[in-house]
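Engineer: These are the residues of each chain, in order.
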Amino acid sequence: MLQVEDLQVQIGDKQILKHIDLEIHPGETHVLFGPNGSGKTSLLMTIMGYPQYRVTGGRIVFKGADITHMPIDERAGLGIGISYQRPPTINGVKTKQMVQICAKGEVDAEALAVKMNFAEFLDRDINAGFSGGEIKRSELLQLMAQDPDLLLFDEPESGVDLENISLIGNSISQLLQRDFRLNDQKSQKELQKERTKMGLIITHTGFILDYVTADRGQVLFDGVLTCASNPREIFKCISQVGYEECVRCAI
Amino acid sequence: MRNLDKKAFQAKEKKATLGIDVDLDAYSSEPVSHDYVDDLSTLPEADKKRMILAGVDAEEKDRSGTYVQEDTTVLHTHSKQEGLQVMSIKQALKECDWIQDYYWKLVAVDTDKYTARAQLDLHNGYVIRALPGSKVIYPVQACLYLQKEGLSQNVHNIIIAEEGSELHIITGCATAAHLRRGLHVGISEFYVKKNAKLSFTMIHYWAEEMMVRPRSVARVEEGGLFLNNYICMKPARSLQMYPTTHLVGKGAVARFYSLLVGSPGSEMDVGGRIFLKEPGSRAEIIARTISNGGNIIARGDLVGEVPGIKAHLECRGLILNGGSIHAIPELNGKVAGVEMSHEAAVGKIAQDEILYLMSRGLSEDEATATIVRGFLSVDIPGLPPQLKAEIDRAVEQSDQDMM
Numbered sequence: 043m044l045q046v047e048d049l050q051v052q053i054g055d056k057q058i059l060k061h062i063d064l065e066i067h068p069g070e071t072h073v074l075f076g077p078n079g080s081g082k083t084s085l086l087m088t089i090m091g092y093p094q095y096r097v098t099g100g101r102i103v104f105k106g107a108d109i110t111h112m113p114i115d116e117r118a119g120l121g122i123g124i125s126y127q128r129p130p131t132i133n134g135v136k137t138k139q140m141v142q143i144c145a146k147g148e149v150d151a152e153a154l155a156v157k158m159n160f161a162e163f164l165d166r167d168i169n170a171g172f173s174g175g176e177i178k179r180s181e182l183l184q185l186m187a188q189d190p191d192l193l194l195f196d197e198p199e200s201g202v203d204l205e206n207i208s209l210i211g212n213s214i215s216q217l218l219q220r221d222f223r224l225n226d227q228k229s230q231k232e233l234q235k236e237r238t239k240m241g242l243i244i245t246h247t248g249f250i251l252d253y254v255t256a257d258r259g260q261v262l263f264d265g266v267l268t269c270a271s272n273p274r275e276i277f278k279c280i281s282q283v284g285y286e287e288c289v290r291c292a293i
Numbered sequence: 544m545r546n547l548d549k550k551a552f553q554a555k556e557k558k559a560t561l562g563i564d565v566d567l568d569a570y571s572s573e574p575v576s577h578d579y580v581d582d583l584s585t586l587p588e589a590d591k592k593r594m595i596l597a598g599v600d601a602e603e604k605d606r607s608g609t610y611v612q613e614d615t616t617v618l619h620t621h622s623k624q625e626g627l628q629v630m631s632i633k634q635a636l637k638e639c640d641w642i643q644d645y646y647w648k649l650v651a652v653d654t655d656k657y658t659a660r661a662q663l664d665l666h667n668g669y670v671i672r673a674l675p676g677s678k679v680i681y682p683v684q685a686c687l688y689l690q691k692e693g694l695s696q697n698v699h700n701i702i703i704a705e706e707g708s709e710l711h712i713i714t715g716c717a718t719a720a721h722l723r724r725g726l727h728v729g730i731s732e733f734y735v736k737k738n739a740k741l742s743f744t745m746i747h748y749w750a751e752e753m754m755v756r757p758r759s760v761a762r763v764e765e766g767g768l769f770l771n772n773y774i775c776m777k778p779a780r781s782l783q784m785y786p787t788t789h790l791v792g793k794g795a796v797a798r799f800y801s802l803l804v805g806s807p808g809s810e811m812d813v814g815g816r817i818f819l820k821e822p823g824s825r826a827e828i829i830a831r832t833i834s835n836g837g838n839i840i841a842r843g844d845l846v847g848e849v850p851g852i853k854a855h856l857e858c859r860g861l862i863l864n865g866g867s868i869h870a871i872p873e874l875n876g877k878v879a880g881v882e883m884s885h886e887a888a889v890g891k892i893a894q895d896e897i898l899y900l901m902s903r904g905l906s907e908d909e910a911t912a913t914i915v916r917g918f919l920s921v922d923i924p925g926l927p928p929q930l931k932a933e934i935d936r937a938v939e940q941s942d943q944d945m946m
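Sequences listed follow chains A and B, in order.
The first sequence begins at 43 in the working numbering and counts up one residue at a time.
The second sequence begins at 544 in the working numbering and counts up one residue at a time.
Treat the hints as calculated values from the structure; they're not laboratory data.
Quick caveat, the model's predicted, so the values are computed rather than measured.
Some hints here could point you the wrong way.
Lysine-lysine pairs mimicking BS3-like chemistry, simulated, CA-CA at most 27 Å apart [said to hold, decoys possible]: (1) K793(B) with K820(B); (2) K877(B) with K891(B); (3) K136(A) with K891(B); (4) K678(B) with K623(B); (5) K555(B) with K633(B); (6) K931(B) with K138(A); (7) K737(B) with K820(B); (8) K136(A) with K931(B); (9) K239(A) with K146(A); (10) K550(B) with K637(B); (11) K891(B) with K138(A); (12) K691(B) with K555(B); (13) K555(B) with K623(B); (14) K931(B) with K146(A); (15) K549(B) with K737(B).
Between the sequences and the hints, there should be enough to build the whole structure, so can you do that?
Structural biologist: In structure tokens:
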């Protein structure tokens with residue numbers, strides 16, 4: 043389980059997250075909405091452990107351990123993984139190598155890449171000249187190799203063309219154990235109960251909801267979580283009345 | 544010959560324009576004799592190990608020829624392939640008339656006191672020549688090994704890729720594990736004839752107190768390709784070189800790649816200069832330097848003399864643990880219609896790259912090492928896989944030394 047308790051975060055002197063409370067139980071996936079600059083990415087980066095996001099109050103607990111001040115690599119080791127929106131290019135480090143790093147060596151990078159329609163990128167420097175959609179496929183490929191328990195997705199559908207959106211969406215479903223396939227041994231209900239993967243997905247467009255089921259939606263507005271409800275309902279509400287409505291609840 | 548001696552004699556005290564001045568008298572130049580070795584695999588294990596670090600394999604696996612010189616003496620030389628000549632320069636000067644067409648024809652004997660010394664007190668050096676049309680697929684290896692403390696090793700090398708030939712050379716300069724102090728003076732003249740392809744990969748593995756003064760010039764004719772790779776992972780006290788290439792034929796191409804790591808106490812002043820003298824000629828200089836406490840000057844100079852040439856220079860430096868990197872890229876377009884560019888950057892490892900790798904599970908040190916290795920891995924088109932492997936190995940080794 044991920045527990046975020048009364049979390050307050052600053053970048054430099056600027057308060058960007060104000061008293062955030064959030065719980066994600068094993069098997070749950072939450073969707074995070076919010077206008078630009080509301081702090082969505084900051085919340086993900088803080089959970090991942092980026093040092094420039096300074097926690098000034100509250101704490102983050104994952105699998106029972108207080109990880110508030112734990113270094114990034116140890117969080118990764120505990121089972122937290124992230125799909126970035128704009129990851130850096132690292133010259134000379136090949137995509138294949140990244141997949142191996144994520145999997146700690148034990149992986150058939152080729153086979154995974156074929157699944158992500160990404161085989162021809164394995165020998166390219168990671169993120170070098172990748173389009174928006176290519177970055178997303180590369181990030182998901184790495185997450186597949188890493189197979190974390192808590193998956194953070196920062197706008198996984200942005201910049202993805204129509205051809206690849208279902209690939210991205212279905213891959214996220216699979217990573218979060220939310221894909222449905224016929225199973226001789228167990229009922230879908232049993233499988234659903236056995237889900238362990240936790241997800242937190244930032245979405246702007248809501249397109250991802252066409253592919254990935256989610257248990258809860260959250261709206262982050264000006265550093266405050268303003269409501270938690272059915273994700274489809276939130277999405278519809280925002281689509282029709284806009285984020286201005288959130289001001290009412292943020293006060 | 545007498546004329547050369549005369550000119551050299553006049554330049555005996557002439558200081559080089561770059562690099563600290565080396566007191567030549569502080570090094571012994573007396574010949575050191577070693578027995579000729581028929582079978583390289585019988586060399587002492589310790590020497591073999593050092594040679595391997597510089598890319599020279601005593602087992603001669605995947606090699607088409609070998610030249611090994613220890614101190615001032617030739618230890619071994621032979622060619623395994625028809626159309627390939629490998630011999631010492633002293634033998635060539637004695638037995639081959641044609642060598643006179645090449646000897647000191649590109650490098651001026653009176654360039655400075657180091658060239659003068661290589662004429663007045665020549666120890667030896669290699670001549671490697673691919674005959675017209677011959678394709679030497681496996682690399683030829685040449686090793687200049689220093690064993691004797693305080694020696695000045697003076698060598699002169701001539702490499703000729705005749706018309707339509709293909710030749711790959713890996714040359715290693717290394718010092719015995721016990722050696723600390725010495726001087727290496729190396730003259731190299733490269734001739735890449737019409738439509739020939741020559742790749743020259745030089746791996747240096749020096750001792751701490753070594754002074755190194757190579758002087759080399761290349762000439763590339765129409766349709767020729769000259770690939771010049773320089774890898775120095777174990778730097779000397781002082782290394783200064785500024786190899787020059789003249790592209791004298793239509794469509795001639797030169798590419799220089801260098802990977803340098805400067806450790807504490809070392810001074811490296813390394814550059815590359817390419818003159819583009821015919822339309823359609825192209826040049827590229829790519830340098831990756833890492834300072835680990837040493838001082839590095841990375842020069843690059845491209846001179847476009849005619850329209851229709853294309854040249855690019857790229858110099859990137861990382862300062863890891865102190866030291867300095869001074870990148871000096873120069874472009875000199877002398878007429879309209881040249882296309883020349885450069886990019887230079889000196890900096891540190893980007894924090895966001897480290898964090899990205901850490902979020903995939905690497906520790907901070909592992910992430911740093913991965914980025915450094917990536918920084919030094921440059922794709923060199925046209926290089927045979929064996930040579931690529933040697934470069935990777937040299938980089939891998941430096942990695943262990945650095946971290």
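Engineer: For each hint, tell me whether it holds in the structure or not.
Structural biologist: Going down the list of hints, with the structure as the test:
The hinted pair formed by K793(B) and K820(B) meets the criterion: a straight-line CA distance of about 8 Å does not exceed 27 Å. A hinted pair counts as satisfied when its Cα atoms are at most 27 Å apart, and K877(B) with K891(B) does not qualify at roughly 35 Å. A distance of roughly 20 Å separates the Cα atoms of K136(A) and K891(B); the hinted pair therefore holds under the 27 Å criterion. For the given pair, K678(B) sits about 13 Å from K623(B) by alpha-carbon distance, which is consistent with the 27 Å threshold.
Note on K555(B) and K633(B): the hinted pairing holds, with a Cα-Cα distance of about 22 Å set against a maximum of 27 Å. At most 27 Å may separate the alpha-carbon atoms for a hinted pair to count; K931(B) and K138(A) meet this at roughly 18 Å. Restraint check: the Cα-Cα separation between K737(B) and K820(B) comes to about 15 Å, which is no more than 27 Å; the hinted pair holds. For a cut-off of 27 Å, the pair hint linking K136(A) to K931(B) stands: about 16 Å separates their Cα positions.
With a C-alpha separation of about 20 Å, the suggested pair K239(A) and K146(A) falls inside the 27 Å cut-off, and the hint holds. Of the pairs offered as hints, the one joining K550(B) and K637(B) holds, with about 21 Å between alpha carbons and a cut-off of 27 Å not exceeded. About 25 Å separates the Cα atoms of K891(B) and K138(A), which keeps this hinted pair within 27 Å; it holds. A C-alpha spacing of about 24 Å is found between K691(B) and K555(B), which places the hinted pair at or below 27 Å, so the restraint holds.
With a C-alpha separation of about 39 Å, the suggested pairing of K555(B) with K623(B) is violated against the 27 Å cut-off. This hinted pair checks out: K931(B) and K146(A) have alpha carbons roughly 25 Å apart, not beyond 27 Å. With a C-alpha separation of about 33 Å, the suggested pair K549(B) and K737(B) falls outside the 27 Å cut-off, and the hint is violated.
Checked against the numbered hints given earlier, the structure breaks hints 2, 13 and 15 and satisfies all the rest.
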